[in-house]
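S.K.: Sequence:
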Amino acid sequence: MLRLKTHDNLLELIPQKNNPFVYTVEEDDKITLVIKRESTCDKFFLKIFRKAPKKLFVHLDNKGSFVWNKIDNKKNVLELAKEYGHKYGVKAEDAIAQTGEFIRILKNNKLIQLKNEN
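Numbering-wise (the UniProt record's numbering), the sequence shown opens with residue 1 and increments by one.
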């Protein structure tokens with residue numbers, strides 16, 4: 001697992017969606033992320049388990065879809081958290097915690113990258 005440098009503050013980092021990345025917008029404005037299983041390990045297991053799906057579909061809830069749509073390669077995590085808190089009426093501390101955790105999950109699953117503002 002790739003870790004952030006200890007001197008980087010998550011709230012100051014700018015999330016960027018990995019390209020090319022496929023996602024769809026459902027009728028209810030929820031996002032579905034489409035993850036292709038193309039790693040060497042995935043290809044190996046797909047040969048063994050032929051019925052395994054070649055793509056994974058991750059369905060985001062309203063809050064996850066809101067944050068995903070707000071990722072624009074310009075706003076840092078703190079700005080995303082403020083917008084999230086304003087939209088859903090969540091306290092600032094809770095908005096920061098929830099948005100930060102969601103961003104960490106996206107990064108750990110290689111759906112986004114985090115860049116410094118500099």
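Hint data in this document are derived by calculation from the structure and do not stem from the laboratory. For every residue, glycine included, the Cβ atom is placed at its ideal position computed from N, Cα and C. Please note that the accuracy of each hint is not assured.
Under the rule of at most 27 angstroms between Cα atoms (straight-line distance), these lysine-lysine pairs were calculated in the BS3-like manner [to be verified]:
1. 63 to 47
2. 107 to 55
3. 87 to 75
4. 82 to 55
5. 74 to 63
6. 17 to 115
7. 30 to 75
8. 75 to 63
9. 54 to 36
10. 91 to 36
11. 82 to 54
12. 75 to 107
13. 54 to 107
14. 87 to 36
15. 36 to 82
16. 110 to 70
17. 110 to 63
18. 54 to 87
19. 54 to 74
20. 70 to 51
21. 75 to 17
22. 87 to 55
23. 17 to 54
24. 55 to 91
25. 110 to 74
Computed spacing ranges between beta-carbons, pair by pair [what the hints assert, rightly or not]:
26. 91 to 27: 17 to 23 angstroms
27. 20 to 41: 19 to 25 angstroms
28. 92 to 40: 39 to 45 angstroms
29. 44 to 82: 21 to 27 angstroms
S.K.: With reference to the structure, classify each hint as holding or not holding.
M.R.: Each hint, compared with the structure:
1. 63 to 47: 36 angstroms, violated
2. 107 to 55: Status holds; Cα separation ~19 angstroms.
3. 87 to 75: Within the cut-off at roughly 16 angstroms; holds.
4. 82 to 55: Not satisfied, since the Cα-Cα distance of roughly 33 angstroms exceeds 27 angstroms.
5. 74 to 63: The hint holds at about 20 angstroms.
6. 17 to 115: Holds, because 11 angstroms separates the two Cα atoms, which is no more than 27 angstroms.
7. 30 to 75: 21 angstroms, holds
8. 75 to 63: 17 angstroms, holds
9. 54 to 36: 6 angstroms, holds
10. 91 to 36: 36 angstroms, violated
11. 82 to 54: 37 angstroms, violated
12. 75 to 107: With a Cα-Cα distance of about 16 angstroms, the restraint between residue 75 and residue 107 holds, given a limit of 27 angstroms.
13. 54 to 107: Judged against 27 angstroms, a Cα distance of about 21 angstroms means the pair holds.
14. 87 to 36: 32 angstroms, violated
15. 36 to 82: Cα-Cα ~32 angstroms, so violated.
16. 110 to 70: 18 angstroms, holds
17. 110 to 63: 20 angstroms, holds
18. 54 to 87: Given pair residue 54, residue 87 is violated - Cα atoms ~36 angstroms apart, limit 27 angstroms.
19. 54 to 74: 32 angstroms, violated
20. 70 to 51: 36 angstroms, violated
21. 75 to 17: Distance ~12 angstroms between residue 75 and residue 17 Cα, so the pair holds.
22. 87 to 55: Since the Cα atoms of residue 87 and residue 55 sit roughly 32 angstroms apart, the hinted pair is violated (cutoff 27 angstroms).
23. 17 to 54: 21 angstroms, holds
24. 55 to 91: 37 angstroms, violated
25. 110 to 74: Between residue 110 and residue 74 the Cα gap is close to 19 angstroms, so the pair holds against 27 angstroms.
26. 91 to 27: 17 to 23 angstroms: Cβ of residue 91 to Cβ of residue 27: about 31 angstroms, so the range 17 to 23 angstroms is violated.
27. 20 to 41: 19 to 25 angstroms: 21 angstroms, holds
28. 92 to 40: 39 to 45 angstroms: Between residue 92 and residue 40, where Cβ atoms are some 43 angstroms apart, the hint holds.
29. 44 to 82: 21 to 27 angstroms: Given about 44 angstroms between the Cβ atoms, the range is violated.
When the structure is compared with the earlier hints, violations turn up for hints 1, 4, 10, 11, 14, 15, 18, 19, 20, 22, 24, 26, 29 and for no others.
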